[in-house]
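Trainee: We have chain A already, so just place chain W on it with the hints.
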Amino acid sequence: MLLGTLIYGFVNSCLLALLAMGFNLTFGISGVANFSYGAIYIFSGFAAWIFLNSAGLPYALCVIMAIGLSATLGVLIYHVVIKRVKGLALSEVMATFGLGLAIMELFRYFDFVGFKYTLPNLIEGSVAIGDVYIDYQRIAVILAAIALTGFIYVFTHYTRTGLAFRAIAQDERTALTFGMDSDHIAALSMGFGSALAAAAAVVVLPLGTIAVEGGYDVLLNALAVCIVGGLGSTVGILVASVLIGYAQTITANYLEPHWMMLVSLIAIAIVLCIKPSGIFGHQKELEERI
Amino acid sequence: MEPILSVKNLMVFFENALALNDFTMETGEGQITGIIGPNSAGKTTLMNTLSGLIIDMRIKERRRGGERITVYGQITYRGEDITEMTPVNRVKRGIVLCRERHPIFPESNVLENLRIAGYLKKRSRIKKIVNQAFDLFPALIHLKNRKAGFLSGGEQQMLAIGMALVAEPRLLLLDEPLLGLSPMMQQLLVEAIKVLISESVLTVMIAEQFARPVLPIINFGYILENGMLALSGTGKELMDNPEVKSAYFGV
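As given, the protein sequences belong to chains A and W, one line each in that order. With the first letter of the first sequence counted as 1, position 69 gets the number 69 in our numbering; the numbers rise by one all the way through. Basically our numbering = 1-based index in the second sequence + 1000.
Chain A on its own, in the form it takes in the complex (with noise of 0.2 Å):
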């Protein structure tokens, strides 16, 4: 049982940080609201299940197409609804949750609904840890988020675009007078954000069914991953995962299953109360200073 905890403790706080990646490049990094979140993840699971049983294409195009296709979602909605309401943080939230609402209530009402919506998993089968069994589609979310964290932080410390991302959300006039043109870096990081979705998405997915309520699950883990974490900043994301996802677990396995969902919401409200900038949020402490 213990060690079960810890592996699968591990699994959660893994597939916690996966799903909180493109959230956090975003909205933490890159300062564009994006509540729409869980709907483009939930756009690419049911993309790539089109593409897979509908059309017949091999698994691996479907995925690549379904993560193109999310990315150029992602770019049409900053061009269409958010880059009307920039810099109105409010109207921001509200127009792309909307949206988001919209966008999974549509496949709701087109009837994408039941045990049919599937994903294959990557590769079939399982190994033993111990007396533990735990299947490759497991570790392929463990590995999926080790590799993405890492491509983030390259990302976002080491290229100009990643540079350009930290920039305009620091200041955005002054990032104009290098040259960086705002529309144009936001919109790609609506676009690597909802890649990131979808990556998450073809990962994650084949654990489960694809269901609306799993895009609204989704947007509250990454939101309470973020929050407790701290906007915007990478290892607060990690920590945050790792904190959110051994507490889900412990409360599954020793407490009840259901109330595993009110773990994030509690971590949120702690959070907020006690430091609200996140664990390593790090604009407070420039405030501070200054």
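In short, the hints are calculated from the structure, not lab data. Quick reminder that beta carbons are idealized off the backbone N, C-alpha and C, glycines included. A portion of the hints provided could be inaccurate.
As the list claims (entries may be wrong) - Cβ pair distances, simulated, as ranges: (1) W:E1029 to A:I64: 48 to 58 Å; (2) A:L255 to W:E1067: 20 to 30 Å; (3) A:L106 to W:P1038: 55 to 65 Å; (4) A:L76 to W:G1233: 53 to 63 Å; (5) A:I274 to W:R1064: 30 to 40 Å; (6) W:K1122 to A:Y254: 51 to 61 Å; (7) A:V93 to W:D1240: 53 to 63 Å.
Said to hold, decoys possible - Quick list of in silico lysine to any residue cross-link-like pairs, SDA-like style, CA-CA up to 25 Å: (8) W:K1060 to A:Y158; (9) W:K1060 to A:Y153; (10) W:K1060 to A:F155; (11) A:K83 to W:L1189; (12) W:K1236 to W:T1027; (13) A:K83 to W:R1058; (14) A:K83 to W:L1120; (15) W:K1121 to A:T156; (16) W:K1127 to A:F155; (17) W:K1147 to A:G31; (18) W:K1144 to A:A95; (19) W:K1127 to A:Y158; (20) W:K1092 to A:E172; (21) A:K86 to W:T1086; (22) W:K1060 to A:A95; (23) W:K1092 to A:A89; (24) W:K1060 to A:A89; (25) A:K86 to W:V1088; (26) W:K1144 to A:Q170; (27) A:K86 to W:V1071; (28) A:K83 to W:G1066; (29) W:K1121 to A:R173; (30) A:K86 to W:L1188; (31) W:K1060 to A:E172; (32) W:K1060 to A:G98; (33) W:K1245 to W:S1182; (34) W:K1121 to A:Y153.
Unchecked claim - Covered by chain A, per the in silico footprint, the following chain W stretches (three or more residues, Cβ under 8 Å): (35) 1029-1040; (36) 1092-1099; (37) 1238-1244.
Mentor: Chain W in isolation, oriented as in the chain A frame:
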């Protein structure tokens, strides 16, 4: 000599308020021009209009139904009309603005700030110019890994000018570079600007309310008051002008 930048009858309105009224000026290659004036004289508006920031502000204000910004007149840079050009394209042509009040990225460290400034440059080139910036301001070298928000005002201003240099300007616009700095730091920055001019082909415009350190180094200066040109002349002429003396030197 053909002027590198010429401004003709420039007028800028924020709603119905006139921020810059019928302003005309020009500057030649390699010159240092001073724009001197008190707060709210229109210095920052002029700098924002020359760098194109005002074009971006106008788009964003219009999008969210905010303030109506209107620009009349003509700005010519190297024979090209740039009045309606976006800031990005102006930076590509070498017009780089260093905004007022230490425009740095507080949550990134010093080295990252300099690399961000090289957004339009090639990777190998950035390395070289960043080193040049460190040569000009050696005080920044050992602060390389510190978050820029933790630097002192003077250090932030050095960094800000260093960042503007990384963008490789041909026309460098400095908006109140001396604001909020100690007299010693002001002198250090003025010396650095002198070094810059002597070492490369660079045209500089300095908007400043501290006339004392600036007037001795400029070739030509314009004195702005309430958005209007009050006086213009060479640095020497302005320094000897009795009105300037009483207003800016307290003599």
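Trainee: Taking the hints in turn, state whether each one holds.
Mentor: Hint check:
1. W:E1029 to A:I64: 48 to 58 Å: Since E1029 of chain W and I64 of chain A have Cβ atoms about 52 Å apart, the given range 48 to 58 Å holds.
2. A:L255 to W:E1067: 20 to 30 Å: Given range 20 to 30 Å: violated, Cβ gap about 55 Å.
3. A:L106 to W:P1038: 55 to 65 Å: holds, 59 Å
4. A:L76 to W:G1233: 53 to 63 Å: Check passed, 56 Å falls within 53 to 63 Å.
5. A:I274 to W:R1064: 30 to 40 Å: holds, 34 Å
6. W:K1122 to A:Y254: 51 to 61 Å: At 57 Å between Cβs, range holds.
7. A:V93 to W:D1240: 53 to 63 Å: 59 Å Cβ-Cβ, so the 53 to 63 Å window holds.
8. W:K1060 to A:Y158: violated, 30 Å
9. W:K1060 to A:Y153: Violated, at roughly 31 Å.
10. W:K1060 to A:F155: violated, 28 Å
11. A:K83 to W:L1189: violated, 39 Å
12. W:K1236 to W:T1027: Distance ~17 Å between K1236 of chain W and T1027 of chain W Cα, so the pair holds.
13. A:K83 to W:R1058: holds, 14 Å
14. A:K83 to W:L1120: holds, 23 Å
15. W:K1121 to A:T156: holds, 17 Å
16. W:K1127 to A:F155: holds, 18 Å
17. W:K1147 to A:G31: Distance of about 19 Å is within 25 Å: holds.
18. W:K1144 to A:A95: Roughly 41 Å between the alpha carbons, so the hint for K1144 of chain W and A95 of chain A is violated.
19. W:K1127 to A:Y158: The hint holds at about 13 Å.
20. W:K1092 to A:E172: Distance of about 18 Å is within 25 Å: holds.
21. A:K86 to W:T1086: holds, 18 Å
22. W:K1060 to A:A95: holds, 18 Å
23. W:K1092 to A:A89: Between K1092 of chain W and A89 of chain A the Cα gap is close to 31 Å, so the pair fails against 25 Å, i.e. violated.
24. W:K1060 to A:A89: Judged against 25 Å, a Cα distance of about 14 Å means the pair holds.
25. A:K86 to W:V1088: Answer holds: K86 of chain A to V1088 of chain W is near 19 Å, not above 25 Å.
26. W:K1144 to A:Q170: holds, 19 Å
27. A:K86 to W:V1071: holds, 23 Å
28. A:K83 to W:G1066: Answer holds: K83 of chain A to G1066 of chain W is near 15 Å, not above 25 Å.
29. W:K1121 to A:R173: Measuring from Cα to Cα gives roughly 19 Å; hence the hint holds.
30. A:K86 to W:L1188: Violated, because 40 Å separates the two Cα atoms, which is more than 25 Å.
31. W:K1060 to A:E172: Holds, at about 12 Å.
32. W:K1060 to A:G98: holds, 23 Å
33. W:K1245 to W:S1182: holds, 22 Å
34. W:K1121 to A:Y153: Since the Cα atoms of K1121 of chain W and Y153 of chain A sit roughly 22 Å apart, the hinted pair holds (cutoff 25 Å).
35. 1029-1040: With 0 residues in contact (Cβ-Cβ under 8 Å with chain A), the coverage given for the region 1029-1040 of chain W is violated.
36. 1092-1099: holds (count 5)
37. 1238-1244: violated (count 0)
Comparing the model with each earlier hint shows violations of hints 2, 8, 9, 10, 11, 18, 23, 30, 35 and 37; every other hint is respected.
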